[in-house]
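Given chain U's structure and the hints, the job is docking chain A onto it.
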Amino acid sequence: MTTSTEPLAFQDLILTLHRYWGEQGCAILQPYDIEVGAGTLHPATVLRALGSKPWKAAYVQPSRRPGDGRYGENPNRLQHYYQYQVILKPNPDNLQELYLGSLAAIGIDPKLHDIRFVEDDWENPTVGAWGLGWEVWCDGMEVTQFTYFQGVGGIEVDVVSGELTYGLERLAMYVQGVDNVYDLKFTKEGLTYGEVFLENERQQSEANFHGYDVDGLKRRFEDMVAEVSRLLALTGPQGQPLVLPAYDQVLKASHLFNLMDARGAIAVAERQSYIGRIRELCKACATAYVERERGEA
Amino acid sequence: MPQLLLEIFSEEIPARMQQGAARDLDRMVSDRLKAAGLTWDALTTYAGPRRLTLVIDGLPAATPDREEEIKGPKASAPEQALEGFLRKTGLTRDQLTERDGVLYAVLSSKGRATTDLIAETVDQVIRAFPWPKSMRWGSGSLRWVRPIKRILCLFDGKVVPFEIDGIQSDAITEGHRFLGSGQLLKASDFVDYRTQLEREFVLLDVADRKLRILEEAKAACAARGLVLVDDDGLLDEVAGLAEWPTPILGDMDPQFLALPPEVVRLSMKVHQKYFAVRSSPPSGGSTREAGEGGAPQLAPNFLVVANVEATDGGKALAAGNSRVLSARLNDARFFWDEDQKVGFDAWNEKLKGVTFHAKLGTLAERVERIAALAREIAPLVGADADQAETAARLCKADLASGMVGEFPELQGIMGGYYARLAGYPDAVADAVRDHYKPQGPADTVPTAPVTVAVALADKLDTLVGFFAIDEKPTGSKDPFALRRAALGVIRLVLENGVRLSLGGVLFGVAVASKFGAPTGILAFFADRLTVLLRDQGQRHDLVAAVFALGDDDLVRIVRRVEALAAFLATDDGANLLAGYKRASNILRAEEKKGPVPTGMVQTGLPNQPEAETTLAFAVNAARTAVETALESEDFAAAMTALAALRAPVDAFFEAVMVNSEVPEERDNRLKLLGQVRDVMGQVADFGQIAG
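Keeping their order, the protein sequence lines are chains U and A. Quick note, in my numbering, the first sequence goes up one by one and the last residue is 309. Quick note, in my numbering, the second sequence goes up one by one and the last residue is 1707.
Hints are supplied without guarantee of correctness; some may be wrong.
[To be verified] The following label-pair restraints were derived from C-beta to C-beta distances:
1. K1174(A) / S64(U): 37 to 45 Å
2. L27(U) / T1327(A): 23 to 31 Å
3. V1286(A) / S285(U): 26 to 34 Å
4. K1149(A) / E303(U): 25 to 33 Å
5. E135(U) / G1359(A): 29 to 37 Å
6. S241(U) / K1149(A): 28 to 36 Å
Just so you know, these hints were derived from the structure itself, not from any lab. Backbone N, C-alpha and C define an ideal beta-carbon position, used for all residues, glycine too.
So here's chain A without its partners, still in its complex pose:
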C-alpha cells in the first residue's frame, strides 16, 4: 500500500521545541486522516534542527465510502425541531428512518483520493501548528517557528501538488548546511530520503544523533583516560542543535578548577552547552552528577558537540571553544572574587529593596520572619538556636550576589561557599547551602539539625504567607510551588522524626507574620501527606482512618498508619475489623431508633452467657492496655492489645443474641458493643477502613 512522506524544511528550529513538534505533527495529521476514515500500518515523525518529517506506511489510495447515521429529534417532536434537523442534514422527511420513536438520518459520502486529503491536511496542519512561539517573515502572512524553505510531500512516489503561501510542494530536500555536497536531493520514498540524507551528513532520527554523541564522546574521553559526566538534559539539547553531531574533547586552563565545581559545570552547560569531564573513573564507564556530598571532581577538559567534522580534525574548533570557555570562566571568577569583597551585610541591605511578593513584603522582611521562626523551631529539631537564626539571616543574601545574578541555579550553593569563606561554622554554611532542599520528590532531605530548622522555617513562611493572602494552588496551577513546599515540610519532619504539633506551629507562624489566618492550610497538609503515603504504598483508607482522630503530629500519624497496616494484615486484625463492622452496624441501627444506652457494663447477671462476661473483662483489659500503649506511643503494643479482643468478640457474636427480649440484657449488650467500638476508636477510626 502507498506511503506518505512529508518534510517541512525550515531555518533552525529551537532545540527545546523539536520533540514537542514531532508529537504535534503526529497527532494533528493522525486526527485528520482518521476523521476521514483512513487507517494505516505505521506512522512515525522525526524532528531535527532544520526539518520536521512524517512518514506513514500503508495508507490507502482513497478514503472509504462512508455512511453515517445521525440521531435526530423524536418523531413526536414539534415541527421546528424536525425542520432544523432536515436543514442540518440536507435531507427530506421521507429520507429519514424511524426507530423506537426517534428519527435518524443516514448520510452517505463517496470516498476521495487520499492525495487531495493530504494536500488539504498539510495546509491545515501548517496553518494551525501550535508552536510555543511563531513568526512571520518577508512580506508573507504565514506563521511558523522560523521561515519555511521547502515542503517535500510524496504520496505513493508522486509529489502531492499544493502551494502554501507561495511555497510549492516538491520532492526536493537539502543535506547538511556545511558538510553536504550542496546539491539538492530528490527523494523517491522514505528509505531513499533517509539514505540520501545520511550520505549528506544528516541524521534524521534524534535517537541516532544521541547515540552518535554518547558513543563518540565516551570514546574521545576514554582515549585520554577521562570520563564523561552524563547529563540527559544537555544531551537532549545538543542533539537538537546539530544534524551531524560531532563530539570534540577540548582542554581548559586548569587554574579554573580552583572555582567551585558547580560554577564551572554550570558555566559550561548554560553558556556553552559543553559536557563536563571527570578525571578518574569511580566505576563503570561514566558517572552521574553527584548528589549530596558535592559535585564531581572535574578534569581540566570539556566536551563540545560540534555540527561539523572539521577538515583539520577539530583542532581549530577545539582551540576556539577553549578560548571562549576561558573568557566565560574569567567572568565567573570575576563574580567569585567581587562577591567575596562585598559580603553578606551589603547583600542583605540590598534585599530591602527586593520585593518577594507585593502582599508579602520584601525579601529582607521575609528573612526576618525566617530567622525568628528558625529560632523557634531549633529546639524541636535539636539545633542550636543561635546558629539556626544566624544561618537564616544569611540564607537569602546570595540572591543579591553577582554569581547568583548570573546563575540563578546556584542560589544557596553560593551562599554556602561564601558563608564558609567568611568564617561561619560548617553547620551554618551547610544550612545556607541546603535550606532550599528538598526541591522535589527525588531530592535528598537534609538531616543536619541547623539545616532542618532553616529549611522548615523557609517553607513554613512561604506556605503560611501565600495561604494567608489566598494564593492557594488550584488544579494544575501552583505558581508558587506550594505543593512542593508542603511536601518538603512533611519529608523534613518525617525523615528526621521531628515531633511537633503542626497546627500549633502553623498558628504560631501565622500570628507572628501578621498576614492573617491561613485558612485551609492544615487540610492542605493532610492532602499532601495522603498523597505521599499513597505513593509509598499505604492504603488511602488507613490514612483517613488515622486522620479522623484529629492528630496533627505527622510522625505519630505515620507510625500509627504503619502499625495499623501491619495489624490489618494479620488474621486477628482482619477478623477484628469484621467484628468491629458488625458491632458498629448494630449500634448504628439502634442509634436510628433512639438513644443507645451507655455506661457501666454489668457482669455476673443471672443467666448471663459466658461469652458476654468474657468480652466485658477483655474490653476492660484492652482499654487499660491500649491507653498505656498509646501514652508511650507504642502503636504495635496498642494493636496487640486490640488483637486480644478478636477471640472474645468472635465468641460473643457466635453465642450471644444482642437483641434480647429482656430489656436489661439488651441494654447491657449494647453498652458492651459501644465499649468495643470506643476502645478500638482510640487507635483508629475503623469505620473508615474498607474491607
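This is chain U alone, in the form it adopts within the complex:
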C-alpha cells in the first residue's frame, strides 16, 4: 500500500469505519451474541430488512464457518473471521458514493487502485434471502459485497435495503500489504492477529472436524427446531409473537447444522432437506415479523 501515512491497524480499520458510518447516521451496533455464518444473519439486517420502517445500522460480526478451518495453517482461510456490515433502508440514491467514501476513509485511493463493481447476485438459500448487486474489487480482490436486497425469508421486500459486507481481514491485509492473515497488525503497537487468534483457529479446527459429538449435535438441532415452533406459538405482553427469541433458535440450529456438516455427518442426500428445514423456520419468523409490523401500522 503506497500511502504517505501509516496503514491502519486492524482495530483502527474498524474504528474508522464505525466513525464513518456513524457520521452517515447509522446506529453502531455490537456483534450479535449467537454464532452466525455471515453478518447478514444478525437480526439487525435480516429482520430489519423486512417491512417498511427505515433503518440504518453498522456493526462488526464474527462469522463462523466451521468447514473453512485450516488449523491456522492457511494464510487466507479461517473458521472465525470478521465481517463489517452496513445496512441502509431504504438505500440512499448515493450509496455507491457513500461506499467509495468509506474506502477513501481507510486510505484506498481510487486513482491509484482499481476499484470495480463486478456483477454478483447474492443469495443465501438458508435464510431465503436474495438480492442484486456486485462484488467490489480492489486491484482484483473482492473487498466488499454490495447488495440491494430484493427478498428476505422468502418474502419480497417492501422497501429495498442497501447492504454492504466488508471482509475485514482481507481488507486489512490489503491495506497493510500483508500476505498472511496472522501477520496482520491488530494494534498500531504491533500486536498481531495471530497472537490474538491463531490458537483459537487450531483448537476450533480440531473440534469442528473431529471433536464435536455428532449425535449430540443432531439432538440439539432437533431441540432448536422444536423450540422455534413452540416460541412462535406463544405471545408476548403486547400480544406479539415471540419472533426475536424464535429467530435466535433458528440461528443456533443453523450453526449446529454447519458443525455437523464440518464433521462430515451430513450425507449428500440429507443436505437439501436440512437446508430446507432451516429455510422454512426462517420464513416462519420473517412472516410473523412482517405481520406484526403490519398489525402495528
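What follows is chain A alone, placed relative to chain U:
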C-alpha cells in the same frame, strides 16, 4: 433532419448483459417508432458499464398523417358482425366503403409531434425492458438491471420532457467515475456527447474499448518480449467492465508455473479476469489457445485490464493484483496437493452418493455401466479391453476432486493429470483426460483407441439412458445435450473408421442398462448423421437413398453416399438415373394395374430386339459384379458395374417398346426392367434421388 439522443445512465450493468441490452434497445425503440409511421437515416445503440445509449439521425419532427384501411365483414354478413365492426372502428355504416362485397373502413389519424412520441416510447421501453434479471431500489417501484441515476434525452437539441418514477429527463450525463473531472456534462447533440465523454475518460463504443485493450495489451507484452494469449470471451467481458480500459502487465511468482497450465489459466480467467501471457512467440504477434496437445507454455506474468490510468503508472495496482493472484494460485495449489493425497478410490466412493439423474441412478452406477461398455467396445476400436475398462472406472472420479469442485471446466483434464501421477499408463490417462471429447462440432475427435472406447461408452450410456426414460430433445430444448452426444458418437465412429452395427450396439447397451427400450434412438442417429453430412455438403436425397437400404454401419453408409455422389456427378450416373426413373415409372404404372411379372428373363426369343438381349446380358453381368463389389465394400466398383448398364439401358429405351401387343414380349420386358431396378436397388434407393 433532427437527431434523437437517449442515454440511460445507471449503476454498473453486468458485463454479460450489455450487448444484449444494446440490441433490445435498438429493437424496442425501432418497433415503436416504425409503428407510428416514422422512418430515419440511421439508428445506433451503445452499451457500456454505466450507460445504454441510442442515437437516431434523420428522424422527422412529426409523425405522418395516416390513413389505414381495415377490412370488415362481408356486406351480406349478419347485423351483429357489422355492429361489432362499427364499434371497433367508431364509424357509421355510411362511412364504410364496399368493394367486391366486402366492407372496408378507412381510419385517418393526424400526425403528432415526434417529441411526444419519444417521451411515451422511452417510458414504455424502460418499463418493459427484458433484462435477464432486474431489481427495485429505494422505495420506488421501477425495475431496471441496477438503479437508474439519470436519463438524458435530446431531440433536435432540446430536452424531451418526461419523468419516469421520479427521474426527470435532462441533457446531463457524467464522465468516468474516477478519472473524470467530476463535473456534470451537458450535451447538445451526439457528437458533442461522445466528444465530452471521451475527454472525461469514457469510451462509448465497445469496439473502441476492445481495440484499446488489444493494442495496449499487445504493446505492453511486446515491450518485454512476451506475447498475449488471445481470449475473445474474456475480451468481451473485460470490455464491459471498464469505461476506460487500461491494460497493465503484472508479474506472477514463477513457482506457480509448476501447476498444470490449464489450472493457472483458468484461475486467472475465472477468478481474476486476467489474460495469460506466453514467453516465446511461435509466430505472429499473438497466439490462440492451443487445441489438443496441451495448453500454451505460460510466462510468469499476467495482464489485467484496469479501469483507471493510475497516477503512479499502475505500479501499486499491478503489485496488488499480483498478491491477489498469488493467493488464488495458493488455493489452487492447495487443491492440487490435497487431491493427490486423496486419490481415485476415495473419489469413486464419493460418487456413490452423487445422483446423475433421479431415474438413471448415481454417478457410481453410471461408471459401472461405462466400464462394462468400454470393455465391450474395446475390440471394435482396436483398444486393449483391460485398459479401456480401467480408464472408464477412473473417468468420472475427478468430479469428486477439490480442483474440479473449484473449476468444473477442468473435468477430465484433472483426472488425466491425477491418473498419470498415480502411475497409470499414458493410454489410460489420456482416455480419462479426453473422454468428454468431442464437445462440439469444432472440437477435435480423439484417435487413441482406449480413448475412443471410453468416449463412445460415455456417450452411448448417456443416450440410451435418457432415451429409455423418454427425455428426448424437443425443438430447441436439449437439456442433456443429447444431440451433441449423438454427434460425438457419429464423429468418433466415422473419423476413426470404427466398424459396428449401431443398432446392435445400442440394443446391447439397452439390455445391459436395464432402463428399458430406448425408442426412436436409431432414427435420432439417422437425423444427426443427415445433418452432419449435409453440413459437409452432401446432398440430402443421397443420404436418404442410402438410409433406405436399412444399413446401420455408419462408416459403410458414408462411403456409399460418397461413392453415389461421385457416380451421379458422371455422365453415366446422371443418364442411368434417368433410365432408372423411366423404368421405375413404367413398373409403377403396371403395378397399379395388377401384379407385375417377375422371374427369369428369356433370351433368344423369336424376333427379340438385340437391345433387349444385350440389356438382359448386361443386367446379369452387373448383378454379379455389384454383388462381388458390395461384398468387399468396394462401392466405387459397384458404381462402375452400374455404369456398364447405362448404354444398354439407353439403347433399350431407344429401340424397344415395352408395351408390346404380344403378352409374352411385354412380360419379358417388364421382368427385365424389374431386374434393372433390383440390381440398382442393391446399391441405393435411386427412387429417393432427385433429378
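Taking the hints in turn, this is what the structure says about them:
{"no.": "1", "hint": "K1174(A) / S64(U): 37 to 45 Å", "in the structure": "holds (39 Å)"}
{"no.": "2", "hint": "L27(U) / T1327(A): 23 to 31 Å", "in the structure": "holds (28 Å)"}
{"no.": "3", "hint": "V1286(A) / S285(U): 26 to 34 Å", "in the structure": "holds (31 Å)"}
{"no.": "4", "hint": "K1149(A) / E303(U): 25 to 33 Å", "in the structure": "holds (29 Å)"}
{"no.": "5", "hint": "E135(U) / G1359(A): 29 to 37 Å", "in the structure": "holds (34 Å)"}
{"no.": "6", "hint": "S241(U) / K1149(A): 28 to 36 Å", "in the structure": "holds (34 Å)"}
Checked against the numbered hints above, the structure breaks none of them.
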